[in-house]
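Student: What follows is the residue order along each chain.
Number of protein chains: 2
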Amino acid sequence: MSYLPVLLDDHDLAGALEWLETQPPYAIADEIARMDEVNSVVAFRLLDKDRAIEVFEELDPVDQQQILQGLRDQTFRDLVEAMDPDDRARMLKEAPAKVAKRVLAGLSPHERQMTAALLGYPEGSLGRYMTPETVALHKELTVHQALETVRRRGGQAETIYTLPVVDVGRRLLGVVELRDLVLSDPDALLADLVDTETPHARATDPAEQAARLMRETNVIALPVVDSEDRLVGLLTIDDAVEVIEAADTEDVARQSGAEPLERHYMSASVFQLSRARAVWLTLLLLAATLTVTVTQAFEGELETVTQLALFIPLLIGAGGNAGAQAATAAVRALAVGEVRTSDLLRVIWRECRTGLLLGCMLAVVGLGVGALFVGWKIAAVVGITLVVICGWASTIGGTMPLLAKKLRIDPAVVSAPMVTTLVDATGLIIYFSTAKIVLGI
Amino acid sequence: MSYLPVLLDDHDLAGALEWLETQPPYAIADEIARMDEVNSVVAFRLLDKDRAIEVFEELDPVDQQQILQGLRDQTFRDLVEAMDPDDRARMLKEAPAKVAKRVLAGLSPHERQMTAALLGYPEGSLGRYMTPETVALHKELTVHQALETVRRRGGQAETIYTLPVVDVGRRLLGVVELRDLVLSDPDALLADLVDTETPHARATDPAEQAARLMRETNVIALPVVDSEDRLVGLLTIDDAVEVIEAADTEDVARQSGAEPLERHYMSASVFQLSRARAVWLTLLLLAATLTVTVTQAFEGELETVTQLALFIPLLIGAGGNAGAQAATAAVRALAVGEVRTSDLLRVIWRECRTGLLLGCMLAVVGLGVGALFVGWKIAAVVGITLVVICGWASTIGGTMPLLAKKLRIDPAVVSAPMVTTLVDATGLIIYFSTAKIVLGI
Numbered sequence: 030m031s032y033l034p035v036l037l038d039d040h041d042l043a044g045a046l047e048w049l050e051t052q053p054p055y056a057i058a059d060e061i062a063r064m065d066e067v068n069s070v071v072a073f074r075l076l077d078k079d080r081a082i083e084v085f086e087e088l089d090p091v092d093q094q095q096i097l098q099g100l101r102d103q104t105f106r107d108l109v110e111a112m113d114p115d116d117r118a119r120m121l122k123e124a125p126a127k128v129a130k131r132v133l134a135g136l137s138p139h140e141r142q143m144t145a146a147l148l149g150y151p152e153g154s155l156g157r158y159m160t161p162e163t164v165a166l167h168k169e170l171t172v173h174q175a176l177e178t179v180r181r182r183g184g185q186a187e188t189i190y191t192l193p194v195v196d197v198g199r200r201l202l203g204v205v206e207l208r209d210l211v212l213s214d215p216d217a218l219l220a221d222l223v224d225t226e227t228p229h230a231r232a233t234d235p236a237e238q239a240a241r242l243m244r245e246t247n248v249i250a251l252p253v254v255d256s257e258d259r260l261v262g263l264l265t266i267d268d269a270v271e272v273i274e275a276a277d278t279e280d281v282a283r284q285s286g287a288e289p290l291e292r293h294y295m296s297a298s299v300f301q302l303s304r305a306r307a308v309w310l311t312l313l314l315l316a317a318t319l320t321v322t323v324t325q326a327f328e329g330e331l332e333t334v335t336q337l338a339l340f341i342p343l344l345i346g347a348g349g350n351a352g353a354q355a356a357t358a359a360v361r362a363l364a365v366g367e368v369r370t371s372d373l374l375r376v377i378w379r380e381c382r383t384g385l386l387l388g389c390m391l392a393v394v395g396l397g398v399g400a401l402f403v404g405w406k407i408a409a410v411v412g413i414t415l416v417v418i419c420g421w422a423s424t425i426g427g428t429m430p431l432l433a434k435k436l437r438i439d440p441a442v443v444s445a446p447m448v449t450t451l452v453d454a455t456g457l458i459i460y461f462s463t464a465k466i467v468l469g470i
Numbered sequence: 030m031s032y033l034p035v036l037l038d039d040h041d042l043a044g045a046l047e048w049l050e051t052q053p054p055y056a057i058a059d060e061i062a063r064m065d066e067v068n069s070v071v072a073f074r075l076l077d078k079d080r081a082i083e084v085f086e087e088l089d090p091v092d093q094q095q096i097l098q099g100l101r102d103q104t105f106r107d108l109v110e111a112m113d114p115d116d117r118a119r120m121l122k123e124a125p126a127k128v129a130k131r132v133l134a135g136l137s138p139h140e141r142q143m144t145a146a147l148l149g150y151p152e153g154s155l156g157r158y159m160t161p162e163t164v165a166l167h168k169e170l171t172v173h174q175a176l177e178t179v180r181r182r183g184g185q186a187e188t189i190y191t192l193p194v195v196d197v198g199r200r201l202l203g204v205v206e207l208r209d210l211v212l213s214d215p216d217a218l219l220a221d222l223v224d225t226e227t228p229h230a231r232a233t234d235p236a237e238q239a240a241r242l243m244r245e246t247n248v249i250a251l252p253v254v255d256s257e258d259r260l261v262g263l264l265t266i267d268d269a270v271e272v273i274e275a276a277d278t279e280d281v282a283r284q285s286g287a288e289p290l291e292r293h294y295m296s297a298s299v300f301q302l303s304r305a306r307a308v309w310l311t312l313l314l315l316a317a318t319l320t321v322t323v324t325q326a327f328e329g330e331l332e333t334v335t336q337l338a339l340f341i342p343l344l345i346g347a348g349g350n351a352g353a354q355a356a357t358a359a360v361r362a363l364a365v366g367e368v369r370t371s372d373l374l375r376v377i378w379r380e381c382r383t384g385l386l387l388g389c390m391l392a393v394v395g396l397g398v399g400a401l402f403v404g405w406k407i408a409a410v411v412g413i414t415l416v417v418i419c420g421w422a423s424t425i426g427g428t429m430p431l432l433a434k435k436l437r438i439d440p441a442v443v444s445a446p447m448v449t450t451l452v453d454a455t456g457l458i459i460y461f462s463t464a465k466i467v468l469g470i
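Protein sequences, first through last, are from chains A and B. So the first sequence is numbered by the working numbering: it starts at 30 and just counts up by one. So the second sequence is numbered by the working numbering: it starts at 30 and just counts up by one.
Everything labelled a hint here was simulated from the structure, so no lab data went into it. C-beta atoms are modelled at their ideal positions from N, C-alpha and C, and glycine is treated no differently. Hints may contain errors.
EDC-like mimics (lysine to aspartate or glutamate), calculated; alpha carbons at most 20 Å apart, straight line [unchecked claim]:
(1) B:Lys406 <-> A:Glu226
(2) B:Lys465 <-> A:Glu332
(3) B:Lys130 <-> B:Glu162
(4) B:Lys78 <-> A:Glu226
(5) B:Lys122 <-> B:Glu237
(6) A:Lys78 <-> B:Asp224
(7) A:Lys465 <-> B:Glu332
(8) A:Lys78 <-> B:Glu332
Some chain B residues flagged as far from chain A (calculated, every beta-carbon gap over 12 Å) [stated by the list, open to error]:
(9) Leu36
(10) Gln94
(11) Arg141
(12) His293
Where chain B lies over chain A, by a calculated footprint (3+ residues, C-beta under 8 Å) [as the list claims (entries may be wrong)]:
(13) 108-122
(14) 178-184
(15) 273-287
(16) 344-356
(17) 382-389
(18) 444-452
Can you build the whole structure from these sequences, using the hints too?
Tutor: Printed below as a string of structure tokens:
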């Protein structure tokens, strides 16, 4: 099937219109996110109003902002007014001041006030992702009265499936599920249905932490309170899933020693791709000069036994791989909550033994390879080095993410390449020292 | 606060009981998953019946299975009967045949039949994760009648928020949200509220694909149909989030050249940790013998200019890092659907330019470092090599995951270490060849 960018490049507007009419909103948003600036605005303008709003809601904040800049006043206002306050706040955060001002000016006072409130929370906090439009119930109601309240006020709320229950001061008492209201006797008392054990979070908590809590507790909406336990909003599961996906994408990028891209991989320019990777790559290269210094310190030994150079890539490769495995496992275990910083000593002990075990296994292979190429003496050096390097690399790799977290640094910054580079230099010292002792040079 | 394993190790049962009573079910499950086999069963037996069921539902299948093996008949039957059919099917998959038989024998005929049906779907397919307990509505109903049906039959269903609408042959027509039923006029017709554009999936589709579709379309339940479009179940958002988290954990592990762990990081034994990493580590070491061969081929040049050895770790490190960045970006972009296999040529072109741009930047640093240690001539070799290696590494790193997917191999298997090892050997060839030309050796 011919697809949207091709149709637009061919100026086949009829074809493009037909394509847009037959595709669901999320598929259209997906295409638009992959296109360059001009084409994406053209495609968007071909949509009729209702569909435009649906597609717009599916776009990421950067893409929304780009589309808005290409629109005339009325469409602009319609779109912005139709957005959920939390989506709007996230989009505004990324927009240039000019666009942000235009957006806020075009809003109705009620929507403007809600958006401004969300923008008051720190970046990355739950307050930026929650919806303030909830239906809160008072605990004195009957099920029948509660359902009446939901019918009257539910139209504007982002979700009515989880209904926070509050006291007169709007302090959170618990939640009741719409499911329970619908399935219960209309005369039953709300007070008997309230789940007071349900988790909740503060608006100033990190959004990722709240989202992971939702995943752990299998709830579809999490009540959000202020510092005095008063209800201020709800985090819905679709926003939580987005928060987790973004956090994971960030972790994955960091783990490979790159900054997360701000936009879709295919629509980011080569310059943007390079920029995300350049800083770490340069820092790692500078750190790698340590390996030059170490090797230089052993230049005498290398000149005596040039064959030692043959195994440098293999040995630092094996150490780097073992370190990367341990670091990646630790970062992920921290992210999903399987490991806590208080586990530090136990993790060191586990990784140290795991590394040594793996090292012994590799040593057998290394001995064989070494014997094949250069005889038993250097092979023995290679084997011994593999055991020590693997034990050392696994321990360092598993420990550094936990230390980073203790120091309040994102553990994912302890990337596999960072561990690898560190282990490279120490690995060389281990290798040459072993060679000096075993070969007597 | 003293926590559960410590209390149990001290045989402080009163303390343990108090701790269990004050913690929410998910926190208890979290502790139990971190404990060894004996302690976890002891802790579980201290729970009263209702709480035991709640905690049990929060555990991963491997842990559930382990707990079940330590329980007596009545508690065993209560737990198993109370599980959702999809959770039960996943747990059975991991259980030894003896336990599986005992579970199926203890179930009521209705529950047994539902579980057996789910187990009929292939591993990893949506059928294994969906709930068969749905409330399907016929399109001829009014809103009032539909709500009556929900009240009558909703008690058993896992969710009643998304209600599939079917025709007489149980073929899926669309869905209606409970929200719309509650907020609409009771006399309105269901036919007017049905959303027929909502996404759905086949029970034989991969569960991960269906879960990602839910995330993209922001729905909280996805109708599942058989090959004749008849409704067979629903995938709920909490199960979808679990599927995505498991798939991401798997990808992350594979990316570092390790097999995913089957259980919680802290409860896996050192042997299990090692086994997950051993295969790839060994394969990579064997692949790394290629670097020995390459270096050996250039042993003459190395003997002439020993200083060339100084930069081996730095150069293959930089190439490895650039390749790992590109591979990780490509694997993630494929996983979240930003890149498709049809983008292959465009990805090659993007990554090639990105790599060369990064290489030029690194070359400047490399020239400086080289000049500092060994003078301009070898520095020039280092600089030129960095440009070529980075361009090559990024291209290979970005391309291999797409090729893997084209060949129907999990792209995450193209791990950063695999790309690094590949690039190591070719990088050495580039380095020594450049040296031969520039230094005239």
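Student: If a hint holds in the structure, say so; if it does not, say that too.
Tutor: Hints and how they fare:
1. B:Lys406 <-> A:Glu226: Cα-Cα ~71 Å, so violated.
2. B:Lys465 <-> A:Glu332: Holds, because 19 Å separates the two Cα atoms, which is no more than 20 Å.
3. B:Lys130 <-> B:Glu162: Roughly 23 Å between the alpha carbons, so the hint for B:Lys130 and B:Glu162 is violated.
4. B:Lys78 <-> A:Glu226: holds (17 Å)
5. B:Lys122 <-> B:Glu237: holds (18 Å)
6. A:Lys78 <-> B:Asp224: The given pair, whose Cα atoms are some 18 Å apart, holds under the 20 Å limit.
7. A:Lys465 <-> B:Glu332: This hinted pair holds, its Cα atoms lying about 19 Å apart.
8. A:Lys78 <-> B:Glu332: It is violated: about 73 Å lies between the C-alpha atoms, which goes past 20 Å.
9. Leu36: holds (16 Å)
10. Gln94: holds (18 Å)
11. Arg141: holds (25 Å)
12. His293: violated (5 Å)
13. 108-122: violated (count 0)
14. 178-184: It holds, with 4 qualifying residues against the three required.
15. 273-287: Check passed, 11 qualifying residues.
16. 344-356: holds (count 9)
17. 382-389: holds (count 4)
18. 444-452: Answer holds; 4 residues pass the 8 Å Cβ test.
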